[in-house]
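For chain A, the structure is supplied; the task is to place chain B on it using the hints.
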Amino acid sequence: MLRTERLSKRIDAFSLKDISLEVAQGEYYVLLGRSGAGKTQLLELICGLTPPDSGRIFLEGEEITRKRVQDRGIGLVFQDLALFPHYSVKDNIMYPLKIKKLSLTERVDRVQRAAAEMNITDLLLRNPNTLSGGEKQRVALARTLVTQPKILLLDEPMASVDASLKDDIRRMLRRLNRSGQTIIHVTHDFGEAISLASRVGVMHNGRIIQEGTPLEVFNHPVNRFVARYAGIKNFFRATFIKSYNSCSGITEKRTKFRLPGGSYPSAGLLIIGSTEVLLSRQGAAGVQINNIHGIIDDVVPSPTGFEITVNAGDFFYADITHREMEENRFITGEKVIVSFRSESLRVVGEGDERI
Amino acid sequence: MMKGHTLFNWVFTFLAALVLLFIIAPLAGMFLDSSFGEVRTTAADPAVRRSVWYTLAIAFSSTLIFAVGAVPLAWIMARRSFPFKKVVQGVIDLPVVLPHTAAGIALLGFISRDGALGGAAQKAGIMLVNNGAGIALAMAFVSLPFLINAARDGFAAVPERTEKAALTLGASQTRIFFTVSLPQAWRSVVSGFIMMFARGMSEFGAVVIIAYHPMIAPVLIYDRFNTYGISAARPASIIFILVALGFFVLFRVLATERRPIFWREDDAAN
Chain A
1 MLRTERLSKR IDAFSLKDIS LEVAQGEYYV LLGRSGAGKT QLLELICGLT
51 PPDSGRIFLE GEEITRKRVQ DRGIGLVFQD LALFPHYSVK DNIMYPLKIK
101 KLSLTERVDR VQRAAAEMNI TDLLLRNPNT LSGGEKQRVA LARTLVTQPK
151 ILLLDEPMAS VDASLKDDIR RMLRRLNRSG QTIIHVTHDF GEAISLASRV
201 GVMHNGRIIQ EGTPLEVFNH PVNRFVARYA GIKNFFRATF IKSYNSCSGI
251 TEKRTKFRLP GGSYPSAGLL IIGSTEVLLS RQGAAGVQIN NIHGIIDDVV
301 PSPTGFEITV NAGDFFYADI THREMEENRF ITGEKVIVSF RSESLRVVGE
351 GDERI
Chain B
1001 MMKGHTLFNW VFTFLAALVL LFIIAPLAGM FLDSSFGEVR TTAADPAVRR
1051 SVWYTLAIAF SSTLIFAVGA VPLAWIMARR SFPFKKVVQG VIDLPVVLPH
1101 TAAGIALLGF ISRDGALGGA AQKAGIMLVN NGAGIALAMA FVSLPFLINA
1151 ARDGFAAVPE RTEKAALTLG ASQTRIFFTV SLPQAWRSVV SGFIMMFARG
1201 MSEFGAVVII AYHPMIAPVL IYDRFNTYGI SAARPASIIF ILVALGFFVL
1251 FRVLATERRP IFWREDDAAN
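Sequence order for the protein chains is A and B. If you're matching positions, the first sequence starts at 1 in my numbering and goes up one per residue. If you're matching positions, the second sequence starts at 1001 in my numbering and goes up one per residue.
Next comes chain A alone, as it looks inside the complex:
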């Protein structure tokens, strides 16, 4: 469907480097990265608003690298939506249809269909400046969708939407994708990627540093940056020591991890998800269980329960549910034992990124 080949572009001090990505027909591809990672610039390259310094872009097998923006058949919804403030909602949506010189009845019909699909029929005569963020988002989507783009590019579509309405927009985007619309969606929010993407590309400093399904990226982050993006807080730089049938990792603060058998580099980063860290006062039993003594440093409410920070020389972060909290009533300053299965530990590369 869409393929870019070693796409590069230098913009002042920043540059996009060797971006090669492939998005299949009907796919929901999420480009994940911090602001300044080059996501928006990549979208502008794909749709032709800026020409690349080198590399090629193909859409449905045809090379479009030098094709005019107007002729590419790519729809782009900007982060700030860029609605025309001097036109009503109806005229905004009708704008691309007038260019196509469709008859008035055809135009009105298409606008009404798009408005119904986006649930904005009652807003058609309003001025965009009087709309809420979520409403504006729908209008911008409708305006782009009436052009029937081969591929839809969305730049941070949730950015201007109230938290309570994000679910609505998500549902709408999922529905749109299910109906066959290929989408590239740019975001800095991993949660958004998890809930929408069929595939994720993580961008950092102008490069795509990892690609895969959201689960793959979450479970096997290629480096500390991606892992942190995926919400993982427990990082430990360790030296690995092999013994007969197992391996240990020792951190600079002398925390010792028991690792499952396998091959390890001499040193690397160990990560473990916060939900896989268990807290107790007596520890857990088992050969492959790590039990580490520490003191509770902080207890912070989280959407699912509490996040507890334990100081064991190194800091451990554990997510516990409300029920677990009610049963155990952990308090700051209390001695606890941090337990986790050795299989829960993963070794990741550090990449170029140090945070």
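Calculated directly from the structure, the hints in this document are not laboratory data. For clarity, every value in this text was computed on a predicted model and none was experimentally measured. Note that the Cβ used here is the ideal one computed from N, Cα and C, for glycine as well. Incorrect hints may appear among the rest.
[To be verified] Computed from the model, here is a short list of chain A residues facing chain B with C-beta under 10 angstroms:
#1 Leu-49
#2 Arg-72
#3 His-86
#4 Tyr-87
#5 Thr-144
#6 Val-146
What follows is chain B alone, placed relative to chain A:
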């Protein structure tokens, strides 16, 4: 923000009032020194009427004609970057700092029979010196920066994203200019238009060198003053000030009134 009887507020209010008084006092004095009868008689004078009409018509036509090039220039200054852009901006601002008589002399060399434009115009049978066309050129020369700079600020304030969005929606550059950029910048463009018109209308220095006749109002006032003295020039000045003020206010009201200026063919579809 400026509440409270602080010394700061008193001093600033006093200084501001002094400046305002400086503007209002001479004008008020002129009105008080002239009788209604004098003004009425002068208003009935065909020469005065003709000069006021010439002034308005020539200033308006000059603004309208030069806007055709000034607005695209303003857009380029707002949207494009190119080598020596600051030099170009300096050239645009030049007429503001030139003594207007010097501007008139420069222009005269250009539009007289021996000048580049004047020679070409004469071959086409048009005399630019001592002619309405020459006056229009003189007015435009000194007043163009007002239109160009106001329109440039207007275009610069248009979110560039809306223009980019129009590109991705399939619009051509020309269509984007007329349907996205200009409608969003039109208030500034119209405001610049009014300023250029007002400035052109009141021009004396450059005009008097290009064309003493046909007499526009500022030249007529000067002529009356030179020939008959201040008491003869005063009623003509009052009439011109009132007319100019009337048009200025009218245009301002028209430009700031909120109503659809850009009608669309499918408004019926509402």
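Each hint, compared with the structure:
1. Leu-49: 6 angstroms, holds
2. Arg-72: Nearest chain B Cβ about 8 angstroms off; hint holds.
3. His-86: Holds, because the Cβ-Cβ distance from His-86 (chain A) to chain B comes to roughly 5 angstroms (cut-off 10 angstroms).
4. Tyr-87: This hint holds: Tyr-87 (chain A) lies near chain B, its Cβ roughly 8 angstroms from the closest one there, short of 10 angstroms.
5. Thr-144: 7 angstroms, holds
6. Val-146: OK, holds: Val-146 (chain A) within 10 angstroms of chain B, min 9 angstroms.
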